[in-house]
Amino acid sequence: MNTLTAFWNIFVKDMRTYYLKPPNVSWGIIFPLAWTGMFFIRSGSGLESIPALLPGLVAISILFGTTSMLSVTVTFEKKNRSFERLLLAPISLNALMLAKTGGAIVFGVINAFIPVIMAVFFADVSGIFWTVFLAAVFFIAVASTFLGLFIAVSVSEVFEAQTFSNFFRFPMIFLCGLFFPISRLPWLLRPISFCLPLTYGADLLHGAIGGSNTMPLLLDLGLLLLFCTALFAASLWNIRRKWIA
Amino acid sequence: MTDAVNVSGLKKRFGEVEAVAGISFSVHQGELFGFLGPNGAGKTTTINMLTGLARPDSGTFSIGGIDCLENPRGAQHLIGVVPDESNLYPELSGFDNLCFCGALYGMRKPDREARARGLLDSFGLAGAGGRKFGGYSKGMKRKLTIAAGIMHSPGILFLDEPTTGIDVASARQVRALIQDLHDGGTTIFLTTHYIEEAERLCGRIAFIVSGRIVRTDTVENLLQPVMNRHVVHITCESLPDGIREGLVSLFPALAFTLPEKAMLRAEADSPVPVGPVVRFLEEAGAVVLEARRIRPSLEDVFVEITGIEAHAMESEKRNGGGR
Numbered sequence: 023m024n025t026l027t028a029f030w031n032i033f034v035k036d037m038r039t040y041y042l043k044p045p046n047v048s049w050g051i052i053f054p055l056a057w058t059g060m061f062f063i064r065s066g067s068g069l070e071s072i073p074a075l076l077p078g079l080v081a082i083s084i085l086f087g088t089t090s091m092l093s094v095t096v097t098f099e100k101k102n103r104s105f106e107r108l109l110l111a112p113i114s115l116n117a118l119m120l121a122k123t124g125g126a127i128v129f130g131v132i133n134a135f136i137p138v139i140m141a142v143f144f145a146d147v148s149g150i151f152w153t154v155f156l157a158a159v160f161f162i163a164v165a166s167t168f169l170g171l172f173i174a175v176s177v178s179e180v181f182e183a184q185t186f187s188n189f190f191r192f193p194m195i196f197l198c199g200l201f202f203p204i205s206r207l208p209w210l211l212r213p214i215s216f217c218l219p220l221t222y223g224a225d226l227l228h229g230a231i232g233g234s235n236t237m238p239l240l241l242d243l244g245l246l247l248l249f250c251t252a253l254f255a256a257s258l259w260n261i262r263r264k265w266i267a
Numbered sequence: 002m003t004d005a006v007n008v009s010g011l012k013k014r015f016g017e018v019e020a021v022a023g024i025s026f027s028v029h030q031g032e033l034f035g036f037l038g039p040n041g042a043g044k045t046t047t048i049n050m051l052t053g054l055a056r057p058d059s060g061t062f063s064i065g066g067i068d069c070l071e072n073p074r075g076a077q078h079l080i081g082v083v084p085d086e087s088n089l090y091p092e093l094s095g096f097d098n099l100c101f102c103g104a105l106y107g108m109r110k111p112d113r114e115a116r117a118r119g120l121l122d123s124f125g126l127a128g129a130g131g132r133k134f135g136g137y138s139k140g141m142k143r144k145l146t147i148a149a150g151i152m153h154s155p156g157i158l159f160l161d162e163p164t165t166g167i168d169v170a171s172a173r174q175v176r177a178l179i180q181d182l183h184d185g186g187t188t189i190f191l192t193t194h195y196i197e198e199a200e201r202l203c204g205r206i207a208f209i210v211s212g213r214i215v216r217t218d219t220v221e222n223l224l225q226p227v228m229n230r231h232v233v234h235i236t237c238e239s240l241p242d243g244i245r246e247g248l249v250s251l252f253p254a255l256a257f258t259l260p261e262k263a264m265l266r267a268e269a270d271s272p273v274p275v276g277p278v279v280r281f282l283e284e285a286g287a288v289v290l291e292a293r294r295i296r297p298s299l300e301d302v303f304v305e306i307t308g309i310e311a312h313a314m315e316s317e318k319r320n321g322g323g324r
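In order, the protein sequence lines correspond to chains V and D.
Read in this note's numbering, the first sequence has 75 at position 53, and its numbers run on one by one without any break.
Read in this note's numbering, the second sequence has 271 at position 270, and its numbers run on one by one without any break.
Just chain V, same shape as in the assembly (with noise of 0.2 Å):
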């Protein structure tokens, strides 16, 4: 019950500090309205191609709207000192980190729909199968999140949590088979996709927007939920070994 008061306090104070103030809210909005509008002028194509560029933009959306705010947030806080506030209250380091990334997670579950919301306006989206599509979306939050967590646990400063996040974000977008098929990329570079977390989040995607997946959906699935557990233990280690040394 005191871990459950604590969680739920951590969770709500995160939403109400950061992911539900204005500009986080412009930044939800604007941020996938921006890829949308850049993709069709680009794409040149018409609205009839809203449902091939609909997993690159939620997939975008989700992978920068979390990793942005939850690898800023955690390293401002370290910096501020009240992280030390956290790691001083009697709950589990797990529920804590849990705690703090849930609102990451919810925000970037709000990111994708952005894309959809418009889709649904302009397009036919009735042959989503959206039971796959959630957990798409939900296992990409997660794994983004706790992407940005490694890369805030690692790092000192905000502004290095930011150039860490590029490094990872940029190639991961065109590595993952998001806008590219993995099969036309150059050999050398498939075995780096395959080690990328949003590759199989990609593949879930397009499986449940055109029904175009290349692997199984349950492989997917599991895939993913592997790299959220191996970034979930790498950022509770690194956290032991640095804040609590």
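If you are wondering where the hints come from, they were derived from the structure by calculation, not from laboratory data.
Check each hint, because a few of them may be wrong.
[Said to hold, decoys possible] Distance condition first, Cα-Cα at most 30 Å in a straight line; then the derived DSSO-like pairs of lysine-lysine: (1) D:K139 to V:K43; (2) V:K43 to D:K12; (3) D:K133 to V:K43; (4) D:K110 to D:K139.
[As the list claims (entries may be wrong)] Not close to chain D: a few residues of chain V, all C-beta gaps over 10 Å, as computed: (5) W30; (6) T39; (7) I63; (8) L109; (9) I113; (10) V147; (11) F160; (12) G233; (13) I266.
We put the beta carbon where it would ideally sit given N, CA and C, even for glycine.
Once you've looked at the hints, dock chain D against the given chain V.
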């Protein structure tokens, strides 16, 4: 009765630096225990280890009888921590900060709201409870940080340099709050570099220097060797060269030192003959501004035991030295 805090052979090393070198001590239930030492002595590292923010390399310690290495969460329920810097959330109000801190310890909403209101009231912050913490003055921040530390009514409170960096009036209020908490039965572990503060507040004190505890005792016992000592500080415009040698030959029963430029300190086991000393100085050409009898204090004991001048320790801290 179980000690509130029991530490045995605690060690911590950061690379080549031995921050804490195998210290042992205990804090009794209901005691106000002072941990006194210069910057880099190991005070904050010790607090961090005791509160779960750092892992010791070796040694054992228990809080309220709970082995902290085996059950750190169990011990964290019993303690409150006030760090040396106010680390609450600047964008939350004072009231919300307190409620949030209560929630971290599992307090239910009605309980934490009632407790937060009560604490704001007793800390003189009731009027500022709705304002953002980021807009508080340093003194108000310090008081709210102490209130946050006791929000869940811990039996043992760790206070790290509670009056550093705040004005005299706020420091006085904070000291009164600490005294009230102690009178209310809270065990307090206080680190400070203000010797006078430790002398005024604490029942027992440990002196820590370079990671080692050099002496632990009650304030009365620590003061005992200097209680019968007589000290006079004589301030002049300037002191002529060789004046100390002249004084030593004329007043062999007195010990003379120059603690500051143009200040002479005369010390003896019997009352210092102030008149003859001042006359000698004036005849030697010194312009005497002030001669003052000094009550022997813990500062004298500290200097004697550690060899560190107290004022040097305080100015070092003000200049932002390490911990």
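Hints and how they fare:
A hinted pair counts as satisfied when its Cα atoms are at most 30 Å apart, and D:K139 with V:K43 qualifies at roughly 26 Å. For the hint linking V:K43 to D:K12, the alpha-carbon distance of about 45 Å lies beyond 30 Å, and the restraint is violated. For the hint pairing D:K133 with V:K43, the CA-to-CA distance comes to about 15 Å; that is within 30 Å, so the pair holds. Of the supplied pair hints, the one linking D:K110 and D:K139 holds, its CA atoms being roughly 28 Å apart against a limit of 30 Å.
The Cβ of V:W30 sits about 8 Å from the closest Cβ of chain D, inside the 10 Å cut-off, so the non-interface label is violated. With a least CB separation of 6 Å from chain D, V:T39 falls inside the 10 Å interface cut-off, contrary to its annotation. Non-interface status of V:I63 relative to chain D is upheld: no Cβ of that chain comes within 10 Å, the nearest being about 38 Å off. Chain D draws V:L109 into its interface by the beta-carbon criterion, the shortest separation being 6 Å against a cut-off of 10 Å.
Some Cβ of chain D comes within 10 Å of the Cβ of V:I113; the nearest lies about 7 Å off, and the non-interface call is violated. The Cβ of V:V147 lies farther than 10 Å from every Cβ of chain D, with a closest approach of about 38 Å, so its non-interface assignment holds. The beta carbon of V:F160 is kept farther than 10 Å from every beta carbon of chain D, the shortest such distance being approximately 26 Å. Every C-beta of chain D lies more than 10 Å from that of V:G233, the closest at about 46 Å, which supports listing it as non-interface.
A Cβ of chain D approaches the Cβ of V:I266 within 10 Å, the least distance being about 6 Å, so the stated non-interface status is violated.
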